Amino acid sequence: MPEQDILPTTEPACKKKGAPIITVEHASKTFPNGVAALQDVNVTVCKSEVVVIIGPSGSGKSTLLRCLNGLEEIDSGHITIDDIRLNGNKKNRDIIRQEVGMVFQSFNLFPHLTVLDNVNLAQKLVRKRDDKEATDTSMDLLNKVGLGDRAASYPSQLSGGQQQRVAIARALAMHPKVMLFDEATSALDPEMIGEVLEVMRALAKDGMTMVLVTHEMGFAREVGDRIIFMEHGQVIESATAEAFFENPGEERTRAFLSQIL
Amino acid sequence: MPEQDILPTTEPACKKKGAPIITVEHASKTFPNGVAALQDVNVTVCKSEVVVIIGPSGSGKSTLLRCLNGLEEIDSGHITIDDIRLNGNKKNRDIIRQEVGMVFQSFNLFPHLTVLDNVNLAQKLVRKRDDKEATDTSMDLLNKVGLGDRAASYPSQLSGGQQQRVAIARALAMHPKVMLFDEATSALDPEMIGEVLEVMRALAKDGMTMVLVTHEMGFAREVGDRIIFMEHGQVIESATAEAFFENPGEERTRAFLSQIL
Amino acid sequence: MLHTKKPRITPLDIGIILVIAAALAAFGWRVDTQLDYEWKWTALGQYFLLHDPDQGWIPGLLTQGLLTTIKLSLWTMLFATIIGVVMGLARTSRSLFNRLIGQAYVGLVRNIPPLVLIFIFYFFISDQIFTAMGIDTMVRNAPPWVQEFLAITAAPVNQFTGFLSALVTLAIYEGAYITEHVRAGVQAVSVQQYEAAYALGLSPWHRMRHVIFPQAMTHIMPPLTGQFISTIKDSAIVSVISIQELTFQGMELMAATYMTFEIWIVITILYLILTVSCSVLSRYAERWFRRHEV
Amino acid sequence: GKLGRQLTEESTLTTILKRGTLRVGMDTFVPWAMKDKTGKFIGFEIDVARRLAEDMGVDIEFVPTSWDGIIPALLAGKFDLLIGGMGIRADRAVKVNFSIPYYSTGMSIVANSKKIPGATKLEDFNKEDIVISARKGTTAAKAAKRFMPNAKLRLFNKEPQAVQELLNGRAHAFISMAPLPAQEAIKHKDKLYLPMTGNFTNEPNGIAMRKGDVDMLNFVNSWIRATKAEGWILDRQKYWFTTLDWQSQVQ
Amino acid sequence: MPASSPAIFRPLQRHEQILDIVKLLLLGAGVFWLLMLGEEHLNYQWQWYLVPRYIFTWKHGVFTPGPLLEGLFVTFQITGLSLVLSMLFGLTAAIFGLSQSYVARLVSRCYVELIRNTPLLIQILFIYFVIAPVFDIGAFTSAVLALSLFEGAYASEIFRGGIESIHKGQWEAAYSLGLSTTDTYRKIILPQAIKRILPPLTGVLVSLVKDSSLASTIAVYELTQQGQLVIADTFLTFEIWFLIAIMYLAVTISLSWAAAALERKMNSEN
Ligand SMILES: Nc1ncnc2c1ncn2[C@@H]1O[C@H](COP(=O)(O)OP(=O)(O)OP(=O)(O)O)[C@@H](O)[C@H]1O
Ligand SMILES: Nc1ncnc2c1ncn2[C@@H]1O[C@H](COP(=O)(O)OP(=O)(O)OP(=O)(O)O)[C@@H](O)[C@H]1O
Ligand SMILES: [Mg+2]
Ligand SMILES: [Mg+2]
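Protein chains in written order, with the numbering used here: chain A, 5 to 265; chain B, 5 to 265; chain C, 21 to 314; chain D, 954 to 1204; chain E, 40 to 309.
Just chain A, with the same shape it has in the complex (with noise of 0.2 Å):
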């Protein structure tokens, strides 16, 4: 369990939700053509909190999201999630990509099986559940998301929201204890982004530990228990969603969200 006391004043100390199961401290990287996509970067993220990161194009929010499940390995500093470290140890980097799953902006389904059997897969291969234990936990999630009736379709069928479902019912099936979403609803048309805010906003409810990117502030307000806004690598502010979009601290918060508005 890390120590409060090294987390900067702008983050919280989970008093009001769980206890803390994300935790980044002093998190950096620089990828190899010399960007440093983080640098020094301090997040807790507590049991059944909703975070959502913004910031503009560029400013790290993917790779800290990426670094998060292991997909990219920070440079210095720390990344604890369910009090396993990520340090480069395979072992707890594949605990942890079993324990947090991901939504992409680009759905990456698999294309060459059905929706069912994109979310079987894992649970069958990863979990080692039998065929029906795995059917029978996809089909529950496909009829939550709205798409039991597809589990035959192949993703090439569906429209643009309906994949983007099928991921989250796909990550979810592994009964994650963090999903994060990269900008879940940014490649969708208006109308196929309200399903997939739905299926958000209901995790958000049954109380799902998340960490969300976004670039439609109204969601972003609605949901987020507390905002993140980063630039150039750098947590800039980090606030309830009220006090953020309110009262923002710092100038290039308030510029920032005056742009986008």
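Certain hints may be false.
[Said to hold, decoys possible] Okay, the calculated beta carbon distance ranges per label pair:
(1) C:T53 x A:I88: 53 to 59 Å
(2) E:G100 x D:K1080: 31 to 37 Å
(3) C:V166 x E:L74: 28 to 34 Å
(4) E:R144 x C:R50: 25 to 31 Å
(5) E:G208 x B:G62: 55 to 61 Å
(6) A:R205 x B:G62: 53 to 59 Å
(7) E:Y141 x C:S115: 52 to 58 Å
(8) A:D98 x C:A63: 29 to 35 Å
(9) C:F47 x D:S1057: 45 to 51 Å
The hints are simulated quantities; they were obtained by calculation from the structure and are not laboratory data. Bear in mind that the values here come from a model prediction, so they are computed numbers and not experimental data. In this text, a Cβ means the ideal position worked out from N, Cα and C, and glycines have one as well.
Starting from the known structure of chain A, fit chains B, C, D and E with the ligands onto it as the hints suggest.
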């Protein structure tokens, strides 16, 4: 010279402007796949007139334009440009192609040639100008479109708006009697559109005969002497810009405008 | 595969190193115990450069073979490119006649083993054509400076027709592959480029010459240089019709000296030197053709 | 008469004299024909061909040709005469004309002492588990088939490959025209031995040329008779086949 | 009119097509006539009637394959075995080349470059005369080994291209679900890559059939070797060479057709 009385009533008799330079009479075209892209189209364009063609997607606007410089052939009807018939006769077609300049939506610059060579090429090969003469003409035009200093660049080193302006200079270098623009700005960013429209505006002022397809109603209204509204391969309405936007004659036109504006 | 980590030693590295080490050890042990072979590396020098009391230093057998291989490859590539461009354009032309000819050519040549092609060409087709054209007499009666020139650029008079047969066979064989590269390259140029050229009033020839072909070249260059490397390799096969190129000279040498292993190894290295330097050169050529891309 | 003149006119003999060069087809075959260090051809057949050209008063030119294509190459006119240790055989004579034999030789066999020690007669090799190597398209291959029909035959494009096969212990024996087997046995005393001294076949070798050319045939036959009588051919045979003096030219 | 030709070309009219086909037939006739002319000059005695017995004999209702047919069968054997092996080599080299292990990438690179930069003829002879005696490998095995190493290098580039063409997001999605690298290859990447890999791989198969003719140089009794032996026995040089060419053509062209059909089927499935 076409007889005036065979033209439909919606076509003007070129009173204000010069004599008719383009006449399209009963032109029809059906693609091998059965799509009737043009159905009995009649259009007259007078010298120095700027005609804007608008209409929903797939209505045959591009096809009409492409027929005007022989990129496609009509199945029946007649097209006469500057007193020359486009009747499948190769010699006529070659003359007409030199008289008619075309600017494409996707620029279609030659990527392996510098900006200057792009503008020079056809002058030297078709108009048989020597290098000095061609370069003088080219530099003159490039300066006019504000790209005199980029003559030695390759197209890939230019922004979209700059590329489109080179394409215009390239077409103008042949001293065409008529310029055709097929959605010349729709592949561009908003700020780049401005640059290109500026050049087209200047051309219109100089008295160049132009036929353009655009979705920019504001621009259509500003530079268009006459607006032609097409749908399903047919000309639905043809009227002065003022009359067209203020008081469209047809129900269908009104519906279209209400959607767009 | 995602490269998420900095390079570090993985179990796979260790496994492979072990396997390679084991294989080498086994090979060494077997060579030592099983194979009765006397290595004579030092004797190889004279086959590269030889001191002759009368003529001074002269190229040895292998050097001669290497030079022939280079000359043959260069000529082959020149003619194969001409054939390939003509046939490639035929394959992309509007005329069905041209396309059918291109198709028949490519289909026929690419589906017969080169070994078989070479025999058929050598004994049957090229021989008839060359005899009919009287090339042999022509070369023999040519003035000395022409013969000298041919000897330097191609082959000495007495081997000229053989060289020409090999050249024609190889050019036709490689030409079929270049045809396909050219076709793909031309077809990779977008239709819009044709339309732009057309709208400017360029004639079909000018369109091809100034707009389409230069762009197609960017696409054609990489496979074309690859084909050049193949040509060097494929030229080995004409050794079966006794063209005195590198492989042939090597085999002759083995016949005389029985230094089988040394000579195979040296020949392999010589081919490697040729092809690798070729691919280095080709990289520069490709870059030159791509200079308009930023 | 007229016809006779035409025939003479069209004879290869006339062509050679007009051209001033005799073109001779052969294939590398130690010590019949091979390259020395400088790339010049040397060997028994080479000497014969050189002498023939000299006597005709023309230049000589060698056209090395792969053995399995050598008869078609002759027919196709790639060279005028085939002087390459070709055994006179009826089936070959269907396609080409042979001169009278200018020398005779025969097949002999050399065996690997580890693989099959102590063999003394051909029957020892006529077994199913015996592998015999030889060169493709030669009379050696024919002889192996005739005398050892039960043995397995492995045929290569060139002799060295067939010999290497024997040295590598993958063939029990190697058959070729004498004296190659004997010379190999001397070179690799520790590994190879001669199961029997002398040859087990006797083959007359002739010079081959295209059919229908009486003048040429006549000329070559006369030349052979004359040179043989001189003793020159025998002398050359001795030098190339019984001594190893020529080795220094090669290595 | 193939779809690949620029749209600017007007499709051919029916009569133009017929005219072109007639022109082609005329050309074919012309070439044939030239060949006949050359043949006359050659003074070669054609004996096609002797040829059939070398393909097969049919006596008293008993079918006996001749040497050429037997050779063709061996060619098939070499091709089939080499195909399986070369897929194995190719896939291994491709996965090595894409792996994170430095040594694996180096090995894969060296293998592919070495093989692609030296003549196959040299490789076959080298393996048979240098490597094979050391490990006591036979001629047939050597041929199969050389051919599969050779085609494997080309196959590996095809595999690599196919695998790399799979969008990076597929790897990321699989990893973020906790799948291992092996599972990701097995269940996600290869099933998708195979569709892009299969068509160019059929090219490898055609090459294998053709290149197997080089096995004749190390005394493997496949089609070319059998042909050469028949020629050595009978001097039916031209007849046999033409026949062999036709036999190879028949095999390779039917393979190409099958490949094209396969490709069409795959495209229509998507
Ligand atoms: N694989 C990579 N290699 C090199 N640089 C990278 C890589 N991935 C991202 N970057 C760089 O790192 C910086 C941060 O990228 P990141 O994708 O995290 O931004 P972002 O905040 O998600 O932006 P966006 O809102 O556009 O998605 C950018 O400057 C980007 O160019
Ligand atoms: N080469 C072609 N072959 C077959 N059909 C075509 C072809 N080109 C155009 N069409 C069809 O002809 C109709 C008219 O097309 P056209 O491109 O002229 O429309 P448009 O008015 O320019 O539309 P947009 O505003 O989308 O550019 C469409 O239905 C189109 O699908
Ligand atoms: Mg991002
Ligand atoms: Mg259009």
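Against the earlier hints, flag every one the structure doesn't satisfy and list their numbers going up.
-> 5, 6 and 8
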